[in-house]
Every structure is written in C-alpha cells, then in structure tokens.
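Chemist: Sequence:
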Amino acid sequence: YTDYGLLTSDEVICADVHKVFQQLTGMGKAITPKRLYHAPFTLRKVLIKWIDQEAVAARDGKPARIIAKMNGLTDPKVIRALYRASQAGVIIDLIVRGMCCLRPGVTGVSETIRVVSIVGRFLEHTRASYFENSTPQVYCSSADWMERNLSKRVEVCFPIMKAKLANRIKGELEAYLADSCQSWVLNSDGRYTKVSPGTYGAIESGDEKVRHETEAHGTEQGAEPCRSAQQALLDKLSITPQTPSETSPTKI
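Here this note's numbering runs 35 ahead of the position in the sequence shown, where the first position is 1.
There could be a bad hint or two in this list.
Said to hold, decoys possible - Have a look at the derived ranges for each label pair, beta carbon to beta carbon:
| # | residue 1 | residue 2 | range |
| --- | --- | --- | --- |
| 1 | Cys136 | Leu200 | 20 to 26 Å |
| 2 | Leu41 | Val144 | 34 to 40 Å |
| 3 | Thr142 | Lys187 | 20 to 26 Å |
| 4 | Asn202 | Cys49 | 44 to 50 Å |
| 5 | Tyr36 | Lys97 | 34 to 40 Å |
| 6 | Leu59 | Gly143 | 41 to 47 Å |
| 7 | Cys49 | Val144 | 38 to 44 Å |
| 8 | Lys229 | Gly40 | 28 to 34 Å |
| 9 | Lys69 | Gly124 | 38 to 44 Å |
If you are wondering where the hints come from, they were derived from the structure by calculation, not from laboratory data. Yeah, the Cβ is synthetic: ideal placement off N, Cα and C, and Gly gets one too.
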C-alpha cells in the first residue's frame, strides 16, 4: 500500500485541518479553509477552475499541461471540463488505475488527452495533480475525481508549497507515464492496449520509485549524493508529452 502524506508546520494548513475536524465533530456551518480545498464544499469547483485556467493559457498560446493521478475518474462536470481543455489545446496526461468514464483520443473532443492505467507491485492510493499555470503547480488529495468523492464524502486537497517536494512528485508522475511493464493505454473505444517494452527496454515505475527512495535515503544519511533515478530515467527517454512509446500492443 502506498500513499502520499505531508508532514508540515505551516500554520495556515494546520489551522485549516483543525477547521475540517471542527466541521466533522460540530453542528455548526462549515468554515471555509484558506489553503485546503475540501469536499463536498469547494473541491470540485476549484478543480474545474484549475482545468479551465489551463484552457485559457492554451488559447493564449502559452504552454498548458495537466498531469493527474487517481484511482477513478467518473465525475461528469470534471470530465466535461477536461474535454473543454483538450479542445483548447491543453496537453492532458491522466493516470487512472480503475474506472474511467472519460474517452481519450476522440476527434474534436479529447484529442490531446492520454489515459493510462498502471497495476503493479504496489497498491497505489496516491492522488496527485500538476497544473502548469497554477500557483503552486502541484497538489495532493484524498479524493478521486468521482461524484461520490466530490459530492458525498469529506475529502481534502492540499498544495505542495516547497519546490523540492513539488518537483519530486512531478518526477514520479512522469515516471508513471514512462512505465512500459505495467501500463495499459485507454483507447477511444473504451478498450485498453497493453504497452510493451520498446527501444529503451523495460521500465517499471515501481522499481524506479524504490530506487529513488533508496538513493534519497542514502543521501540523507551522509552518503555521496547521487542523481535522481527518476531524472536519469526522464533524461534517457527525453520524454515528450503525448508521444507514443514504440510498442507492440495487445488489445483486450
């Protein structure tokens, strides 16, 4: 089982968490946090705002990209926002392990959206997202982009304020997109295509995660600093968003 957790002394975030627990245990009206976004009150609205923000940037000719990892994507309002963003030219990479009601690669609707599902050695529960034109750019959350999570549960989404941590999470998202051992690509007809190792051989995101954590731990313990395994992988691949891997697909 793997997940992200943030250990922080940020006074604003800590106060926001306190407000969420007050809302859970109290009888009064929910108080709006300053830095956290929480369902069922503000989370869906801000997700759509961030997606629409990328669409505006794309229309203005600026680089615009969204990367998001979750277990399920079924919320109709969020899906429609992603379609609008794709039609505006936003590059969208979605890592959705389970149910996905969005259809990528549909002409005139979702041509710039790629959806991959990765099922491997870890039970992945991380929900993280990157919005190129947001400040900050990286967010983590307890919520999938599903109607039940955004409308019927108490969930939170929090920003990653420190650049070092944000870059680490974004690097992990890129490593998932490079996976050629456990990755299945969702086609526009709803079928999945298994990705097979191509020119660069087998790349397994779980192994990259373990290698990166091992290197990071060694550096913290005083060992000679070594290059991030994720960055070395990305440099090797020279990853370009939306460029398909050289694969031998098998459809199911």
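Chemist: Would you mind marking each hint as holding or not holding in the structure?
Modeler: Checked hints:
1. Range check, Cys136 to Leu200: about 31 Å between beta-carbon atoms, so the 20 to 26 Å window is missed.
2. At roughly 35 Å, the beta-carbon separation of Leu41 and Val144 lies within the given 34 to 40 Å, and the hint holds.
3. For the pair Thr142 and Lys187, the beta carbons lie near 34 Å from each other, so the given range of 20 to 26 Å is not met.
4. Our hint of 44 to 50 Å for Asn202 and Cys49 is violated, since their Cβ atoms are close to 24 Å apart.
5. The beta-carbon spacing between Tyr36 and Lys97, approximately 38 Å, falls within the hinted interval of 34 to 40 Å.
6. The hint said 41 to 47 Å for the Cβ distance between Leu59 and Gly143, and at roughly 44 Å that hint holds.
7. In this structure the supplied range 38 to 44 Å holds for Cys49 paired with Val144, their Cβ-Cβ distance being about 42 Å.
8. Our hint of 28 to 34 Å for Lys229 and Gly40 holds, since their Cβ atoms are close to 32 Å apart.
9. Between Lys69 and Gly124 the C-beta distance comes to about 33 Å, which lies outside the given range of 38 to 44 Å.
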